[in-house]
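Visitor: Those protein sequences? They're chains A and B, same order as listed. All the letters of the first sequence, read from the start, carry residue numbers 469 to 1033 under our numbering. All the letters of the second sequence, read from the start, carry residue numbers 3 to 182 under our numbering.
Any given hint might turn out to be false.
To be verified - In silico lysine-lysine, BS3-like type, Cα no more than 30 Å apart, as pairs:
#: 1; chain 1: A; residue 1: 781; chain 2: B; residue 2: 145
#: 2; chain 1: B; residue 1: 63; chain 2: A; residue 2: 768
#: 3; chain 1: B; residue 1: 5; chain 2: B; residue 2: 67
#: 4; chain 1: A; residue 1: 737; chain 2: A; residue 2: 781
#: 5; chain 1: A; residue 1: 781; chain 2: B; residue 2: 50
#: 6; chain 1: A; residue 1: 874; chain 2: A; residue 2: 794
#: 7; chain 1: A; residue 1: 762; chain 2: B; residue 2: 50
#: 8; chain 1: A; residue 1: 647; chain 2: A; residue 2: 794
#: 9; chain 1: B; residue 1: 50; chain 2: A; residue 2: 768
#: 10; chain 1: B; residue 1: 5; chain 2: A; residue 2: 768
Since the hints were derived computationally from the structure, they do not count as laboratory data. All values derive from a computational prediction rather than experimental measurement.
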Amino acid sequence: MEKKIMKGAEGLMCSLIEENVNTIFGYPGGQIITVFDALYSYRDSFQYILTRHEQGAIHAAQGYARVSGDTGVVIVTSGPGATNVITGLADAMLDSTPLVVITGQVGASLLGSDAFQETDVIGVTQPITKWSYQIRKASEIPWAVARAFYIAREGRPGPVVLDITKDAQSEMMEFTYKKCIFIRSYQPYPELQPENIAQAAEMINNAKRPMALVGQGVLLGHAEDELKAFLKKADIPAGSTLLGLSALSSDFSLYKGLLGMHGNLGPNKKTAECDVLIAIGMRFDDRVTGDLKKYAKQAKVIHFDIDTSEIDKNVKTSVAVLGNAKETLPAVTELLQPAQHTAWIQSFEVCEKEEMERVIIPEIMPTAGPITMGEVVNRVSEATNHEAILVTDVGQNQMIAARYFKFSRSRSMITSGGLGTMGFGLPAAIGAALGAPERRVCFFTGDGGIQMTLQELGTIMQYKIPVKIIILNNSFLGMVRQWQELFYRERYSSTPMNNPDFPKIAEAYGIEGRKVTKREELDDAIEEMLKDNKAYLLEVEVEENGMVYPMIPAGTSVDQIILGD
Amino acid sequence: MEKILYTITVYTENFVGLLNQITIIFTRRQINIESLTVSKSSIPGIHKFTITAETDLEMVKKVVKQIEKRIDVLKAFYHTDDDVIYQEVALYKIGAEALLDNPEIESIVRKYNARILEVNRSYGVLELSGHTEETQELFERLKEFHVLQFVRSGRIAITKSTVERLSDFLAEMEARNPDR
Ligand SMILES: Cc1ncc(C[n+]2csc(CCOP(=O)(O)OP(=O)(O)O)c2C)c(N)n1
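Looking at chain B on its own, in the form it has when it is part of the complex (with noise of 0.2 Å):
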């Protein structure tokens, strides 16, 4: 089957030590995590992880009922990048002297739409949200004037359905709790 990337989001309670349960069944099943970003979701108290990953369709089916399988995942779903509205954010740090002397770097900025966040007397520190080719892209347009730094974040994602399955799901939950 082919491989491709997906997109895997977790949702689960606040417990400490979710992130391990969650990264050992990729790991056990030979899977390389691309990348992954963990954060508070729009609910209290509930977390939200977002993986990437490359498998084929019949894996990521296991992988997501695994990580389901965990007593304190609330839900866990996979996407293909049509499903969702996604974005990564990538830091470019840059000498000084780098900056100063090549007014290229100007039009650069201006052609990928990049901000700067800082400018000193040592470096300057540029900002770009895309998806990985652009970051990707722009860093390779500036590796001649020596980037020092470059970071890029893990992906977030927003799914375009209409439907807002966690809610509807903790509500379903909910409405099994006997003791409502």
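For reference, chain A alone in the conformation it holds in the complex (with noise of 0.2 Å):
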């Protein structure tokens, strides 16, 4: 291969163009001005989003990973711009997605002088990273990113983090490239076990009331056909945790509804009901378990996964299938015989009825009174055909999104599961819209969530990017007037909002808007807002004192599950 002789700055850039990354988002500053210098000269081998703030542009990162597959790339200034990025890292380790941040750092020589704009980023970024190196010499440059890309990307994907100094930036370098394919201490996807396969095959042969709780996992497998087939085969109804969602369309047959705090009731209830339970790529989250004493205990579990530390962390299984579901669903799937649980499935429906009566129909369809969450989300949903990519921040909005939104298509749904960080909304749906530009991004918010990274309405001007961004604004930080209502004796502490007219600071933004407070104008707002293929701000004026139901509250177990009054 020919050599090329390049400052470390140009040689990052020919290190991701080797990596095909095609997209950036970031942010400039003293300690990392040189790589953007070398950018400039690259401008046209990237799309590069400057965000309006560093957590900003990891969020968007983190919308753009979830949604194409890709890893996203960050690149970000030291100090401040390294800190601004710790939350967005949080988020993508505890919800597994693939980053590359880079970020400046200090000469060499100045380390560990309190120099201007230093910080420590290596021991702040390493709890909360799968990998962080610092880079302190231009040769180690094509290395550590090749490593950075396999490690973020292979196995169990999470956040890497390299910090390079400013003269590793400008040291001279020669230029080769090789594709990290092996790092011997680090084995991605463990070895399939033929014995715990046929161990899982045979357990739910004989299983009479098996389920199947879908996670994240499935969909960073590319494995959503290989579970349908698992399911159809042997006949298993199917819960999704939050993440999960979207990894099997909202009407396939044997799926069963969304698992959880806020989850539904049948998929919920009859996690107690169960003899197998077969959880695969999911990680048994304090959300989605309620207490883990009296969780599951009737049955045998099952739990495929990647990650060998996720085996037994929170509950105990009876057969572990370690890989990637794409191999082993398959390789389980064909030692399954064909069964029928037809009696079981159908003990879904009496669930299924109770909530449709006692909740959704109220929620999604009322007739009267203020507008609720759900039917914004619904109309949306039926207004897209359900093929849009559905994007939450965190809070009531999350979760009525969540359980309202409908999908036929899988990775559509980006939302903060594990870390649950507001503001994480808008920069995701920037993210989304450019990794799926042929998508259409539905972006629902609350009125607290959306001010936490409101400045990225301003990355949404620049950049044109299509976003359609639905606020539901009950003037509370809603979930927390949730708890308080409920838990609290109605002290409302702390969560009730002023706020600004939300479409006049779109329109400031040049970004369409409109603010609808009226049941009747509802249809004809989201009809607008979806006319063409810009960004548009749609504010709807939601009951003050909505509450989501079911729920099951914290420290209580699955089947204490609360459907409201």
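Assemble the dimeric complex from its two separately framed chains, guided by the hints.
Guide: Structure (structure tokens):
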């Protein structure tokens, strides 16, 4: 291979090209300026997005990675630039999102001297990244970048930080690139264990009331078809975690709904009735399990996961099936006997009916009173033919959107699950729109969350990003208000909010918008929002004291799920 | 579950920051590290950590998995005291006067099989290798002679098993290298 002499910063650009990076999110500054200078020379090689805050850059990269399956790339400066991406790193770590985040760092000779804008980025990021590494010599850049992409992407994905000292950016180097295909201390894909696969199949073959829990591992492993074949062959009903949503389309016959704190009645209650519980690429988060001491005690548990450390972490398994779901699911499916669990599957209907009458109909089809969040979500989902990508913020808007938006395509739900980061949504929606340019992106948020990263309207303006923003304005930090109403004797401490005129703010950014306060205007406004492929901000005034039900109060067990009054 | 002392051995690549990555796994789970020894291993480029901590079996299994999950960690193992031959070194510094004035120190040194590393006009330094209880016992015996300094190393350990798990592991991993 031909060797070229160049600056480290240019070596970084060439390395990113070798990794087929085409979109970069970032924000410049003093200790990364050399890299941005190189980026200027390579501006035709990348789509570069200057966000309005580094937090925006990293959440955008997360949204991009989640819809596209590619690794998101972020470049920021040292010190405050680096600390501003911390929330995004923690978020991506919990939600297994592949990212490579490049931070500037002071010159190597100044390290440890409390130099201007020096932060111990490696020390700070180690606990919340899959790998973080400081590059102090230009010659290390290709090696470190190759390793970073390999680590971020392979196995269970996650965020990686490369902290590049200023002198490494400007030092001259010889550029040759070799993709990383092996790290001896890291085995991303555990070897398939035929005995466990056979045991799992036997357990499922003997099951009377099997039930599957679908997690994001299915999406990350591109195993949607394999999952469907598995479920169909043994006739297994399935619930989905928040991050697993859209792996199965909403109308798939064996799909029984959302698991967890605000999930559907059926899949939650049935967790306490099934005899074999089959977890696929999910990690038994406490928001899914409720009280672990009472969780699925009657069931044998089969856990499919790529990450060995998830096995027995929260729930003791009877059989662990380690590996990529794309391989393990077909391996088990092959050994399954076709089965029918008609009565068991029908038993979900009682729950469905009860939830429909007591919760769903009043939420999505109210006939009087203020607009509800659910009806907005439902109508937007219908108006987009259930084909849009849903992005949410955090809070009631997130739970209602997860409950009532419907999916017909995979990788259509982008939300901050593990960390529950308010402010995630708007930049993530930007990233989603860039990562799936042929698809429509509908972003639901609260009046609180939107204001945490509101400045990213500037990014939408500058790059004309076609995000449909729907603010469900209840003039409260609604989810906290809900807990205060239920568990804190209606003492609404720090939750009521006076809000600005959101469409006016949008207007200042050149984004069309409208506010809706009456039910009769809603359809028309949604139609107007969806009339073209431009950004739009729709603010809907929804009921102030809306509640998300069903609910498994924190610390109680899944079958103690409540439906409200 | 019963809490006992586990010895956790960790083999890593030689990168900066690994100590931090490993110790925070313990702190996050509120496990106190009782002792910690880091050194180069017999295989060039590979570092070995020997850590002792009191916890239960379920937790030590989780901790080991979390340690192994770190990219630059090659392998981690946990052992009970029965699985390993282990040792610690203790040093005791005693003032010269106390040493010279107390003939019974000689018999103590003999009895415990301690070594005298240094004697000068101001002080003497004794050394004893053994298990914690043994080095502690000698410390208790010497207390009356006014021990100026007492220090004990972390544990080092060698497995009793005849299988050399790290080299097997390395061979196994190298076999996976597509570039081989
Ligand atoms: C960064 C951050 N701060 C605080 C919280 C705690 N929190 C969770 S939901 C919520 C309320 C969200 O209110 P809003 O954005 O108006 O949405 P709503 O629940 O009303 O839909 C808060 C404060 C959080 N999840 N993230």
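Visitor: Hint by hint, note whether the structure agrees.
Guide: Hints, one by one, checked against the model:
| no. | hint | result |
| --- | --- | --- |
| 1 | A:781 with B:145 | 46 Å, violated |
| 2 | B:63 with A:768 | 21 Å, holds |
| 3 | B:5 with B:67 | 18 Å, holds |
| 4 | A:737 with A:781 | 22 Å, holds |
| 5 | A:781 with B:50 | 26 Å, holds |
| 6 | A:874 with A:794 | 24 Å, holds |
| 7 | A:762 with B:50 | 41 Å, violated |
| 8 | A:647 with A:794 | 24 Å, holds |
| 9 | B:50 with A:768 | 39 Å, violated |
| 10 | B:5 with A:768 | 27 Å, holds |
Against the hints set out earlier in the document, violations occur for numbers 1, 7, 9.
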